[in-house]
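Colleague: Kindly produce the complete structure, drawing on both the sequences and the hints.
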Amino acid sequence: MRRLLVAGAALALILLIAVALISTGLVGGGAVGATIREVFTGSAGRGGAATRPGGASAHSWTDAERGLIASLSIDRLPPLPPDPSNAVGDSPDAVALGHALFFDSGLSPDGSVACSTCHQPDRYFTDGKVLANVRDVDTPRHTPTIVGIAYSDWFYWDGRKDSQWAQALAPQEAAIEHGGTRTAHARYVLSRYSSEYEAVFGPAPDLSDTLRFPAEAAPVEDETALAAWVAMSEADRGAINRVFANIGKSIAAYSRRILPGRSRFDDYAAAALANDGTRMSELFSPQEAEGLRLFFGDGQCTDCHNGPLFTNGSFHNVGLPLPEGSKFDQGRSLGTLQVVEDVFNCLGKYSDADEEACVELRFIKIEGEELIGAFKVPGLRNVAETAPYMHNGTFADLDAVIRHYNHAPPAFPGHSDLVPLAFTEEQSAALIAFLLTLSAPADAPPELLLPPEGSE
Amino acid sequence: MRNWGVVWLVVMALALSACNQIAAREGGGEGMAMDDGMAMDMSGGSMAADSLEAQDTENGLFRVSAVSQLDPVVINETHAWTLHVETADGSPVTDAEIAVEGGMPEHDHGFPTAPRVTENLGEGEYLLEGMRFNMGGVWVLTLAISSGGQSDTVTFEFELK
Numbered sequence: 001m002r003r004l005l006v007a008g009a010a011l012a013l014i015l016l017i018a019v020a021l022i023s024t025g026l027v028g029g030g031a032v033g034a035t036i037r038e039v040f041t042g043s044a045g046r047g048g049a050a051t052r053p054g055g056a057s058a059h060s061w062t063d064a065e066r067g068l069i070a071s072l073s074i075d076r077l078p079p080l081p082p083d084p085s086n087a088v089g090d091s092p093d094a095v096a097l098g099h100a101l102f103f104d105s106g107l108s109p110d111g112s113v114a115c116s117t118c119h120q121p122d123r124y125f126t127d128g129k130v131l132a133n134v135r136d137v138d139t140p141r142h143t144p145t146i147v148g149i150a151y152s153d154w155f156y157w158d159g160r161k162d163s164q165w166a167q168a169l170a171p172q173e174a175a176i177e178h179g180g181t182r183t184a185h186a187r188y189v190l191s192r193y194s195s196e197y198e199a200v201f202g203p204a205p206d207l208s209d210t211l212r213f214p215a216e217a218a219p220v221e222d223e224t225a226l227a228a229w230v231a232m233s234e235a236d237r238g239a240i241n242r243v244f245a246n247i248g249k250s251i252a253a254y255s256r257r258i259l260p261g262r263s264r265f266d267d268y269a270a271a272a273l274a275n276d277g278t279r280m281s282e283l284f285s286p287q288e289a290e291g292l293r294l295f296f297g298d299g300q301c302t303d304c305h306n307g308p309l310f311t312n313g314s315f316h317n318v319g320l321p322l323p324e325g326s327k328f329d330q331g332r333s334l335g336t337l338q339v340v341e342d343v344f345n346c347l348g349k350y351s352d353a354d355e356e357a358c359v360e361l362r363f364i365k366i367e368g369e370e371l372i373g374a375f376k377v378p379g380l381r382n383v384a385e386t387a388p389y390m391h392n393g394t395f396a397d398l399d400a401v402i403r404h405y406n407h408a409p410p411a412f413p414g415h416s417d418l419v420p421l422a423f424t425e426e427q428s429a430a431l432i433a434f435l436l437t438l439s440a441p442a443d444a445p446p447e448l449l450l451p452p453e454g455s456e
Numbered sequence: 001m002r003n004w005g006v007v008w009l010v011v012m013a014l015a016l017s018a019c020n021q022i023a024a025r026e027g028g029g030e031g032m033a034m035d036d037g038m039a040m041d042m043s044g045g046s047m048a049a050d051s052l053e054a055q056d057t058e059n060g061l062f063r064v065s066a067v068s069q070l071d072p073v074v075i076n077e078t079h080a081w082t083l084h085v086e087t088a089d090g091s092p093v094t095d096a097e098i099a100v101e102g103g104m105p106e107h108d109h110g111f112p113t114a115p116r117v118t119e120n121l122g123e124g125e126y127l128l129e130g131m132r133f134n135m136g137g138v139w140v141l142t143l144a145i146s147s148g149g150q151s152d153t154v155t156f157e158f159e160l161k
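First to last, the sequence lines map onto chains B and V.
Following my numbering, the numbering of the first sequence begins with 1 at its first residue and continues without gaps.
Following my numbering, the numbering of the second sequence begins with 1 at its first residue and continues without gaps.
No false leads were slipped in.
The following label-pair restraints were derived from C-beta to C-beta distances: (1) 116/V / 337/B: 13 to 21 Å; (2) 420/B / 56/V: 36 to 44 Å; (3) 148/V / 176/B: 52 to 60 Å; (4) 108/V / 66/B: 27 to 35 Å; (5) 108/V / 425/B: 29 to 37 Å; (6) 79/B / 72/V: 17 to 25 Å; (7) 76/B / 56/V: 34 to 42 Å; (8) 72/V / 451/B: 42 to 50 Å; (9) 119/V / 264/B: 42 to 50 Å; (10) 99/V / 451/B: 50 to 58 Å; (11) 119/V / 422/B: 47 to 55 Å; (12) 341/B / 95/V: 31 to 39 Å; (13) 275/B / 99/V: 45 to 53 Å.
Chain V is nowhere near these chain B residues, computed Cβ spacing over 10 Å in every case: (14) 80; (15) 270; (16) 278; (17) 279; (18) 321; (19) 325; (20) 327; (21) 330; (22) 341; (23) 343; (24) 400; (25) 424.
Calculated directly from the structure, the hints in this document are not laboratory data.
Where a beta carbon is used, it is the ideal one built from N, C-alpha and C, also for glycine.
Modeller: Right under this line is the structure:
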């Protein structure tokens with residue numbers, strides 16, 4: 001604590017002096033900015049290496065730096081752990097069914113929307129749009145990739161779902177996405193995929209009684225569908241929920257197979273770990289190496305973009321500007337409340353997990369200023385392929401993203417712990433050059449990256 | 001005029017940053033020492049040891065130590081710790097109520113999870129579940145301990161590199 005107070009007091013004093021000097025015209029702002037930054041990084045114990053332009057020295061790393069580089073390598077990514085809430089998550093039959101469902105626009109009343117409408121395999125499972133949009137209506141958020149997302153604990157930008165299968169269900173009934181209802185979905189899947197469904201989940205319920213199981217019933221905003229849902233018996237609603245959950249579990253079994261591939265950076269990390277200078281200089285230009293150095297050094301990007309997927313899986317408010325005409329998005333502070341209430345969460349009756357296995361939900365943080373306006377840290381693998389950026393797609397390209405972090409305005413409302421990077425143009429360009437080395441085709445059986453054979 | 005301003009600023013900055021370094025070293029000495037001198041694990045966000053050495057609470061009522069069930073402690077994995085609480089004279093405290101707080105003071109944020117003591121394991125040991133760190137740097141863990149009508153607090157400070 002004392003150290004912090006001393007550091008804080010020192011910083012405050014320096015800022016005061018700087019402001020006084022600038023305002024009296026004694027020194028130019030640029031020089032003060034550089035000095036403040038140097039002192040700040042020094043006091044935080046994060047002194048970065050000096051810029052090393054060109055030559056072999058660009059690829060010269062200390063043991064500690066090699067450790068940091070290795071920590072980002074895909075070689076450190078553990079095998080995908082099972083999802084205890086999804087008993088069929090690793091069943092090949094469920095993968096096949098989920099593959100079909102992922103690309104099936106029959107899972108929307110007008111036959112126009114499938115999961116793959118927004119999560120397009122040839123766009124690294126994103127859609128290239130600012131905000132997810134089908135039928136010309138914007139949703140409030142940008143479509144995130146699903147590649148490697150199986151390693152996440154939370155789903156959606158605000159983490160309002162705690163499993164891939166629970167996540168896969170929500171768009172099915174969102175009016176401006178698939179726009180379906182769970183009774184219609186259950187009936188469609190049990191008729192079109194009857195044998196595939198029963199091969200994975202066993203005997204399906206008989207939904208032929210349309211009085212007990214209305215054509216369109218779901219706990220949604222549409223009043224007719226909601227009234228029909230409320231009128232159903234609890235047991236019948238449970239039977240529908242079970243089929244609906246199984247649809248999600250099949251889709252998740254498929255989408256969890258889509259993993260990130262080995263990028264040029266990963267080869268570089270292996271060369272760095274082996275201290276093989278020749279190989280390193282074959283793989284990375286001096287600029288790319290400098291970008292890597294800035295990434296974990298002065299850029300402090302690894303505070304949040306850490307580990308082999310370049311994300312800590314947490315939620316942070318980075319003080320984004322509010323696009324004109326849009327409302328402040330509460331982000332995680334609402335997502336926490338939604339996930340604990342979700343009937344399809346890890347602790348719910350449609351989950352296959354024991355209570356003990358639902359560690360993330362049991363210890364979810366639901367209070368704290370840092371949740372306000374906070375969004376999930378996206379992984380950076382293939383970041384070059386997934387523009388635009390941020391939860392609201394507000395930045396068109398990586399230049400705009402780095403410009404934001406160069407200035408890092410305070411968050412309001414909420415709290416951002418960013419420090420402005422104040423990178424030069426050369427440094428910003430190096431950082432982007434490094435980010436471009438993270439691209440690689442998805443690691444998945446090739447047939448899973450295309451619609452299943454025989455589908456429309 | 002301009003040059004004198006720059007010189008003055010640089011001198012002040014150097015003096016202050018020197019103060020910081022000394023303060024940091026003192027802080028490290030007072031803070032939590034790791035119980036073994038393991039070389040840094042090269043995993044980019046791990047603790048040099050799996051336990052926190054015993055430390056007295058602020059008013060000396062209790063003595064507390066902690067052992068992680070995740071060894072080494074690394075970032076981005078939710079895990080449990082076993083706490084040990086004893087009185088100043090070394091008797092185990094078997095009826096403690098323990099409230100948990102913590103985070104990264106330098107970043108002004110708490111733990112990414114809401115860890116809490118879920119089980120009294122007996123003989124002064126308690127299960128602390130839901131611990132998680134999401135970045136390298138200095139973390140603190142504050143335990144407010146109540147037993148026999150008395151309360152006291154202890155703060156551990158440790159670094160994940």
